[in-house]
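Visitor: As a plain string of letters, each chain reads:
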Amino acid sequence: MSYRIGIDVGGTNTDAVLLDHRLHVIAKAKQPTTEDVMTGIWKVLIAILEESAISPGEIGYAMLGTTHCTNAIVERKQLNKVGIIRLCKPAATAVPPLAAWPDDLKAAVGEHHYLVAGGYEYDGTLISELDENEIRSALEAMKGNVKSIAVTGIFSPARAEQELKVARLAHDVMPGVPISLSHQIGSIGLLERENATILNAALQTTIRTVVSGFREALSKLGIPAQIFIGQNDGTLMEADYAIRYPILTIGCGPTNSIRGASFLSGLKDALVLDIGGTTSDIGVLSNGFPRQSAIAVDVGGIRTNFRMPDILSVGLGGGTIIRIDEQGAITVGPDSVGYRLLQEARSFGGDTLTATDVVLAVTDTTIVGADTSDLDSDACQQAYNRMIEKLEVAIDQMKTSKEPVPVILTGGGSILVNSRLAGASEVIKPDHHDVANAIGAALGTISGEAENIYALEGRTYEDAVEAAKQQAIGNAVEAGAVPATVEIVSVEDVPLAYMPGNSVFIKVKAVGELDAK
Amino acid sequence: MRWLTEESIEHIALGAAVLGTGGGGDPYLGKLMALEAIKTYGPIKLLSIEELADDALIVPLSMMGSPTIGVEKIPSIEELVAPLEKIEETLGQKAAALMPIEVGGVNSLVPVLAAAAKGLPLVDADAMGRAFPESQMVTFYLDGHSADPTVLADEKGNTVVITPKDGHWGEKLARAITVQMGGSSTVCDYALPGSVVKKSAIPGTLTKSEEIGRLLLHKSGDGTHPIKRLLAFLNGYKLLTGKLTDIQRTLTGGFTRGICEVEGIHDDAGRVVTLHFQNEQLLATEGEKPLAITPDLIAILDVETGQPITTEGLRYGTRVTVIAFPCDPKWRTKKGIETAGPRYFGYPVEYEPVEKLQEGGGK
Numbered sequence: 001m002s003y004r005i006g007i008d009v010g011g012t013n014t015d016a017v018l019l020d021h022r023l024h025v026i027a028k029a030k031q032p033t034t035e036d037v038m039t040g041i042w043k044v045l046i047a048i049l050e051e052s053a054i055s056p057g058e059i060g061y062a063m064l065g066t067t068h069c070t071n072a073i074v075e076r077k078q079l080n081k082v083g084i085i086r087l088c089k090p091a092a093t094a095v096p097p098l099a100a101w102p103d104d105l106k107a108a109v110g111e112h113h114y115l116v117a118g119g120y121e122y123d124g125t126l127i128s129e130l131d132e133n134e135i136r137s138a139l140e141a142m143k144g145n146v147k148s149i150a151v152t153g154i155f156s157p158a159r160a161e162q163e164l165k166v167a168r169l170a171h172d173v174m175p176g177v178p179i180s181l182s183h184q185i186g187s188i189g190l191l192e193r194e195n196a197t198i199l200n201a202a203l204q205t206t207i208r209t210v211v212s213g214f215r216e217a218l219s220k221l222g223i224p225a226q227i228f229i230g231q232n233d234g235t236l237m238e239a240d241y242a243i244r245y246p247i248l249t250i251g252c253g254p255t256n257s258i259r260g261a262s263f264l265s266g267l268k269d270a271l272v273l274d275i276g277g278t279t280s281d282i283g284v285l286s287n288g289f290p291r292q293s294a295i296a297v298d299v300g301g302i303r304t305n306f307r308m309p310d311i312l313s314v315g316l317g318g319g320t321i322i323r324i325d326e327q328g329a330i331t332v333g334p335d336s337v338g339y340r341l342l343q344e345a346r347s348f349g350g351d352t353l354t355a356t357d358v359v360l361a362v363t364d365t366t367i368v369g370a371d372t373s374d375l376d377s378d379a380c381q382q383a384y385n386r387m388i389e390k391l392e393v394a395i396d397q398m399k400t401s402k403e404p405v406p407v408i409l410t411g412g413g414s415i416l417v418n419s420r421l422a423g424a425s426e427v428i429k430p431d432h433h434d435v436a437n438a439i440g441a442a443l444g445t446i447s448g449e450a451e452n453i454y455a456l457e458g459r460t461y462e463d464a465v466e467a468a469k470q471q472a473i474g475n476a477v478e479a480g481a482v483p484a485t486v487e488i489v490s491v492e493d494v495p496l497a498y499m500p501g502n503s504v505f506i507k508v509k510a511v512g513e514l515d516a517k
Numbered sequence: 001m002r003w004l005t006e007e008s009i010e011h012i013a014l015g016a017a018v019l020g021t022g023g024g025g026d027p028y029l030g031k032l033m034a035l036e037a038i039k040t041y042g043p044i045k046l047l048s049i050e051e052l053a054d055d056a057l058i059v060p061l062s063m064m065g066s067p068t069i070g071v072e073k074i075p076s077i078e079e080l081v082a083p084l085e086k087i088e089e090t091l092g093q094k095a096a097a098l099m100p101i102e103v104g105g106v107n108s109l110v111p112v113l114a115a116a117a118k119g120l121p122l123v124d125a126d127a128m129g130r131a132f133p134e135s136q137m138v139t140f141y142l143d144g145h146s147a148d149p150t151v152l153a154d155e156k157g158n159t160v161v162i163t164p165k166d167g168h169w170g171e172k173l174a175r176a177i178t179v180q181m182g183g184s185s186t187v188c189d190y191a192l193p194g195s196v197v198k199k200s201a202i203p204g205t206l207t208k209s210e211e212i213g214r215l216l217l218h219k220s221g222d223g224t225h226p227i228k229r230l231l232a233f234l235n236g237y238k239l240l241t242g243k244l245t246d247i248q249r250t251l252t253g254g255f256t257r258g259i260c261e262v263e264g265i266h267d268d269a270g271r272v273v274t275l276h277f278q279n280e281q282l283l284a285t286e287g288e289k290p291l292a293i294t295p296d297l298i299a300i301l302d303v304e305t306g307q308p309i310t311t312e313g314l315r316y317g318t319r320v321t322v323i324a325f326p327c328d329p330k331w332r333t334k335k336g337i338e339t340a341g342p343r344y345f346g347y348p349v350e351y352e353p354v355e356k357l358q359e360g361g362g363k
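For the protein sequence lines, the chains are A and B, in the order given.
Here the first sequence is numbered in our numbering, starting from 1 and rising by one per residue.
Here the second sequence is numbered in our numbering, starting from 1 and rising by one per residue.
Treat each hint with caution, since some may be false.
With a straight-line Cα cutoff of 16 Å, these simulated EDC-like cross-link-like pairs (lysine to aspartate or glutamate) come out [claimed, not checked]:
#1 A:K399 / B:E263
#2 A:K399 / B:E85
#3 A:K81 / A:E111
Listed next, with one range per pair, are the computed distances between beta-carbon atoms [unchecked claim]:
#4 B:N158 / A:G266: 53 to 63 Å
#5 A:K77 / B:K39: 22 to 32 Å
#6 A:P175 / B:Q93: 55 to 65 Å
#7 B:V196 / A:E140: 51 to 61 Å
#8 B:T5 / A:K106: 20 to 30 Å
#9 A:K77 / B:E7: 24 to 34 Å
#10 B:K39 / A:A329: 43 to 53 Å
#11 A:G176 / B:K156: 35 to 45 Å
#12 B:T250 / A:P406: 56 to 66 Å
#13 A:N287 / B:I259: 25 to 35 Å
#14 B:R315 / A:K106: 26 to 36 Å
To be clear, the hints were calculated from the coordinates, so they are not data collected in a lab.
Here a beta-carbon is modelled for each residue, glycine too, at the ideal position from N, C-alpha and C.
Just chain B, with the same shape it has in the complex (with noise of 0.2 Å):
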């Protein structure tokens, strides 16, 4: 067990736009409503997966919809803590503590309000990893844990408990419910007992997301590039150093799509790098040559400081240094790859670790 600090509210929202590989939402406003809590109801215990008990019940708690909208209609403390009463009230039994769904981008950081407001604590572990854009894309989903019930919650005092077949029934019922509640909503699923989060949760990543806050926002005693000693930290690879010189999005069935290219400068002159993303940057390409695929991570740098650039921020002429880094080892599963492998988002590759790709290149 730890404290969160506010320190720690700020590194995570960094480390949380690195693991959010363009998408996820900007983590500025979990920032503001986490750093409010701490504010309020004092620094928030932070569990580590093995102090779980096993009976306890651990209940993940997101926001769901645009971003665009989360940003104007911005959530309440009430919304917030809404959907993780109603899931007690369904399954009968108080939560034990909170904890993110996925540690990418604005998600990191919404259950701290609500686990501040109802004087529990967080679990250091999340279901992803990363950011991925929908909700079955979860390690509980690969171990087979059901998505019943799930909640969702808006700022009028309305929630519905939906009990969905399997994860992406849950999705999609829940994305129709979050258009009729005004585009955002507040939601908890895959709510399961601590012996399940124990082996099905990625451990440590709250504290991952802060080691990279950290690493990028703090100069080491050496001198050492901060890019260069992300790279270490991630077991990473520098795909490479340019600028950007081109970016396309469209906008298809609710999602940003589209690619930017990346021209080496320095001692990648000469090299053209294609990143695919949907949301998230989630292929990596030079020429045919695949060099990184989802799941596995690709992430956008500025080249100087280090700072992530999401989707949105991707301007012509921005110096880059683009990495990729290993996904948790769940996703490199069968049923890991066919959830959110390339061709599930699309893309006529087959999936192969980055490590692999990477085989005697420029770590």
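Okay, chain A solo, but in the shape it has when bound (with noise of 0.2 Å):
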């Protein structure tokens, strides 16, 4: 019989559990993550072999969830040096590359740029042949100077042909050095999708390290276990893909926790409010996938727009301080006393008032050795509803019509909410939805995605949408899904405003099984 391990990396705590064939729940574990992560990950899989007692032997595969991609980049440690390429010219000279961003990630990163012939319109049509001389000249000069390239062409989501040349002499000129191409990352929006690019590019030390120490960690614990790694969507790619793409790895957190909730409640459609610590994450549970955000994103401060999920964040959580003043006005957050809730939080004899103890006051909760006594229970009732007021406004926020919706509760904060919630169909709080995050990360399913534009001059919609699906359902197969359940999920598209009503922009994702081989 084969088990898989999952494990998510969250700021406060790494999560693992352990799972059947099944997918039923045979152990769960919780360590503190540790500042180099890996510590944290060591622990937790050690933790976990030592609850469940089934033989390492038995493991088959191993899927992680990690915040390393992000952290380099917050701390802009690792990040490799980019020799970043736009085929732009003549276009796109008015901007240079990395011009928005933080000059210390601007440093980190290296400023090895050139802008040289090529690009397409958008229906496809040339801007600029490629200069073949002119790319290996470039090529020639970052040489020895950098560690990844990253390659951007004017409108190559609608047509990567010129993209993937450049990646053909980077591979004669500097073989092995890995090669980001915008195309496969990010969509319409030049800068945007070249700074997720150069990201990606810089990021694969990083995540090269990632897949080895954990590769190593399961080797020194006797797991055989295949390898995946949780993404942003709230799939998985092997460790091979990963190495690709590690930018995809940035966000998966939330996902994992609505992925999970989603398994752990069977339901497809519901918002999932993640509670931790210090805040409430709420996701959108759509077609039994993460809602996508629709705008362009802010990663360490640069402007992307690769896909991330469509995550609200509300300053409440477990720890959240709770300040009542001389007039009694109530105020909650958004400071809160996080991981040393134990310490500090009033029920537990510390001098904090925290969002715990009003739940502690005020409901049939109880922690074994919590102790509410000496507070004052009108004023934690206030409390209270504010509180419950301020997810509630939140929650509205995220739905997409009036209807009312199901609520899935996640995360250790969960306690928090204990009665109706206006708006919510009903609040469900599943079975392990303490390790839903981990439980998400370890379910298993595999994505593609295609961005294009089609223009829709000679080819009808129906043929743009199926040319569309087949460059999905590929990427999927590339990503490691079985070919024969691979579906697609969804389908958008976006007419182009201003244009002359027949070029279109769309957006498909196919989803499969994990190749369980």
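Take the two lone chains, each set in its own frame, and fit them into one complex as the hints suggest.
Guide: Spelled out as structure tokens, the structure:
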């Protein structure tokens, strides 16, 4: 029998679950996240093996959702120097690459950038031919100075040949240096896509270290598992694929929770409220998958346009500090005692009134060792009402219509909600909700996407959608899905404004089951 | 005369999004280009309209085409300078200054890079006082000035000089050429002498835009809510505070048309206001009753921060405050209403000034 391990590295805790082949939870464990991340992973692996008492040799799959790449960007650590090529001339020279980047991040990634002839119009016709000599000399100039390469061509999401050609030339000049191509990473919006592509290239050493560290940890423990890495649409990628697209791991934490919540509750459409120590994250479960953000997303202060989950973060968690002033006015947060709840909260003998104290004082919820006898119950009731209202407003903001929707609670802080919520048709707290993120990581679906602009002259809309579907399916299979199980889960289209009505941007997503060979 | 700094650019970009009334393209790209220009060439000279010599040639510069294409095939410096050089050649006169044609959205800041590269000052004025979708919707057209010559340029080195017989033909021909140029172009039209610009342009609009940005970005000493300060500055009216409950978009004739519904919350609970947009927000109604009508301005702001929300950014559940404020008096003339009033955009209502519609309403 083959078991699988799911691990989710969060800001505070590293969680793990062990599932059997029917996806039943056999064991779960939590360890504090360590600064080097890997130590926390190592400890949680040991903990779960101890708890489960199954032989490590029976674990066939190991899935990791990790914040390594986010941390690398935020802390400007371990980032590759990147050789940046923009295929654009004579267009697109008014703003150079890295233009709006913070100086320290710009310094970390380096400034080897080249604007060369190339690029396409929106309909796929040429802006200019590539000049092979120009590209070769750019590559020669950056050789030895960069550890990876990022290539971005105008309208490459509509037509990718030029970017692919540059990849071949780069492989010639600098064999073994990883190459990130923008059409595989972001959508329309040259600067945002270029930023995402450069970040992807900058993260390639970090992700290699993660994958090899994870592999080593498993092998030391005698676990012969195949490795998968969680990505931010709630699906998985094989290790080799992750090494090519590390940026897709950014934001995978909340999506793991959403996928886990879906699995645990059996629902495909709902809101997921993941309550931690400091914040509550609300995501939307739509057709079994997390809804993605429709707008450009800042990563470490940089505007990007690769897909990211649509998450609303509210400053309310188990450790949120509640203040009552002399006039009786109540404020909720936004600061928090965080992981020091058991030392600082009033119910546990501390001096700070927290959201957890309030809940213990006014609801039936109890925690062993907590004492709420000296709390003012009227004031706590008012504070509780304020907390619930804060969540209700946030829930309403994430809904797509007036209809009430089910709300699934996950995360360690979910004791905060102990009542009905306005706008929710029901509030569900499934078993194992405290490790929903690790379960989400372990589920094992694989996705592929395609995003293109199609000129509808000489082809029908249906043709264009079919082409996009085939490309998305191909990408899912390449990422490790079983071809027979791949299905299309979403098709979106956006006509181009101010154009004569026959160009359309089509976005398709396909999902399949993990190839459990 | 004063200098535009990097800080001015940040503020103008935000203010231009308010004056863009939901359309006008994202000022982000304009901001990046302008910041790059100041980094490379130093601060830009900003002239007030009074400082223009009567015989000086003032040239508006803008981008035309699909914003979606504009953010992918971003311009080159050469392309931003090319229509200027060509119009100088055609008219046999050097430009004394550049100006934005509209002060809403991306075009507010497009002329900055060309001004910097050519060492020219920029005029603190525009010809809309807001954003509008078509090129004849300018005060120069209202005052009977010709769009001849109109010059378009692309990044490949093509320039096209057209001599349209009026502003409507200018719009029609330029739009067709822009499509051939790959869906976006740079344009100089209504290049006019200082004497005309003084009479016909809307003065001080870059400064106005900058003030709006500053109001929204910096807290006031007494903690007044940014939207309240904004309304005072714009002589505007709060239409309601509510949440977006419905949004419908369709694409017809190359424009994004649609409606969005805002359901009142707090003091406005029970009210429902419908906003009709065609790129820009053009009409606000409550039941049958119009609350604000184009060419007056209607902006949707985030209820907390006052940050403007564009038509593309509208989503169910967003908490917003809808405000409206008067347009420049030039738009309230007979020709102004004919050119950019509700009938032109196909709405079956008669224009009435927002002050009148809001009489007795909560300013």
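Visitor: If a hint holds in the structure, say so; if it does not, say that too.
Guide: Hint check:
1. A:K399 / B:E263: Holds, at roughly 15 Å.
2. A:K399 / B:E85: Roughly 52 Å between the alpha carbons, so the hint for K399 (chain A) and E85 (chain B) is violated.
3. A:K81 / A:E111: 8 Å, holds
4. B:N158 / A:G266: 53 to 63 Å: 60 Å, holds
5. A:K77 / B:K39: 22 to 32 Å: 28 Å, holds
6. A:P175 / B:Q93: 55 to 65 Å: 58 Å, holds
7. B:V196 / A:E140: 51 to 61 Å: 55 Å, holds
8. B:T5 / A:K106: 20 to 30 Å: 21 Å, holds
9. A:K77 / B:E7: 24 to 34 Å: With a Cβ separation near 31 Å, K77 (chain A) and E7 (chain B) satisfy 24 to 34 Å, so the hint holds.
10. B:K39 / A:A329: 43 to 53 Å: 47 Å, holds
11. A:G176 / B:K156: 35 to 45 Å: At roughly 37 Å between Cβ atoms, K156 (chain B) and G176 (chain A) fall inside 35 to 45 Å, so the hint holds.
12. B:T250 / A:P406: 56 to 66 Å: Violated, at about 32 Å.
13. A:N287 / B:I259: 25 to 35 Å: Roughly 27 Å apart at Cβ, these two residues keep to the hinted range, so it holds.
14. B:R315 / A:K106: 26 to 36 Å: 33 Å, holds
Hint check: violations occur at hints 2 and 12; the rest are consistent with the structure.
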